[in-house]
Amino acid sequence: MIQLINLFKLWLVVSVLLSLLSGCYNSNTEVERKKTANVADQENRDITIALVKTSSNPNLFIEGATLAIEEINGNQNVSTDSSSTIVYDEEGQPKRIIAKDLNQNAGVLAGRKIIPLVYDDQGESEEGIYIAQKISSNLDVIAVVGHRFSSVAIPVSLLYEKNGLVFISTGSTHPLLTAHGNGYVFRNMPTGEQISEALAE
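Residue numbers for the sequence shown follow this note's numbering, so the first one is 181 and each next one is one higher.
Just so you know, these hints were derived from the structure itself, not from any lab.
Note that the Cβ used here is the ideal one computed from N, Cα and C, for glycine as well.
Keep in mind that a hint or two might mislead.
Between beta-carbon pairs, the in silico distance windows are [claimed, not checked]: (1) ASP226 <-> ALA378: 39 to 45 Å; (2) ASN224 <-> HIS360: 33 to 39 Å; (3) GLU304 <-> GLU250: 28 to 34 Å; (4) ASP320 <-> PRO370: 29 to 35 Å; (5) GLU381 <-> ARG225: 43 to 49 Å; (6) ASN318 <-> ILE375: 33 to 39 Å; (7) LEU240 <-> LEU297: 15 to 21 Å; (8) VAL298 <-> GLU381: 38 to 44 Å; (9) GLN302 <-> GLU250: 24 to 30 Å; (10) PHE366 <-> PRO296: 14 to 20 Å.
Make the full structure from the sequences, and use the hints.
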């Protein structure tokens with residue numbers, strides 16, 4: 181019974197957020213987003229993504245994303261002579277392995293770069309919504325990665341979906357994140373229910 185009450189409360193909160201957001205989202209039309217996709221698809225254009233960290237729950241998300249972007253973009257440490265290269269730090273310890281030749285140091289995108297825009301939602305819904313509105317109004321941005329907490333990821337996912345932005349949460353486990361049949365919202369881990377079922381088994 182308590183679980184049903186909690187589920188109803190969550191449904192009520194999401195319903196209220198939906199009605200509030202319906203009046204404040206930046207309704208980029210499908211035509212505008214298609215133009216953005218076309219720009220991102222041009223071989224001479226860089227690709228802009230938004231990274232949203234949650235400083236109230238410190239982790240290495242931005243460092244990891246930066247490392248991945250460096251490897252995708254390519255750098256002088258990449259060897260074109262072998263299938264992989266070990267990069268060493270100042271003490272001579274192995275730091276990371278870079279796969280393949282990355283298109284002769286031009287990165288896997290053949291010279292195009294991923295340009296990250298970094299934001300901090302501080303684990304707060306209001307700040308997350310403010311950031312999501314800002315990101316959604318920037319037609320250069322084609323994807324968003326971040327918003328660790330479900331309490332932030334769920335309301336912002338509605339904005340990103342309505343504005344045609346690909347969104348991947350870095351930590352949300354609540355089933356509601358992907359329960360609306362969205363075409364642009366994804367998760368990178370099982371839901372809390374799936375985790376509970378696996379543990380029970």
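query: Within 24 to 30 Å or not, the Cβ separation of GLN302 and GLU250?
result: 26 Å, holds
Supplied distance hint 39 to 45 Å, evaluated on CB atoms of ASP226 and ALA378: The hint (39 to 45 Å, Cβ to Cβ) holds, given that ASP226 and ALA378 are roughly 40 Å apart.
- request: Using the Cβ atoms, figure out if ASN224 sits within 33 to 39 Å of HIS360.
  value: 36 Å Cβ-Cβ, so the 33 to 39 Å window holds.
- prompt: Do LEU240 and LEU297 keep their Cβ atoms within the hinted range of 15 to 21 Å?
  reply: 19 Å, holds
field: Whether the CB-CB distance between GLU381 and ARG225 falls inside 43 to 49 Å
entry: This hint holds: roughly 48 Å between Cβ atoms.
field: Range hint compliance [Cβ, ASN318 to ILE375, 33 to 39 Å]
entry: 34 Å, holds
query: Regarding PHE366 and PRO296, is the given constraint of 14 to 20 Å on their beta-carbon distance met?
result: 18 Å, holds
query: Does the Cβ-Cβ separation between ASP320 and PRO370 fall within 29 to 35 Å?
result: 33 Å, holds
query: Given a hinted range of 38 to 44 Å, is it respected by the beta-carbon distance of VAL298 and GLU381?
result: 39 Å, holds
query: Is the gap between the beta carbons of GLU304 and GLU250 within 28 to 34 Å?
result: The hint (28 to 34 Å, Cβ to Cβ) holds, given that GLU304 and GLU250 are roughly 30 Å apart.
Comparing the model with each numbered hint stated earlier shows that all of them hold.
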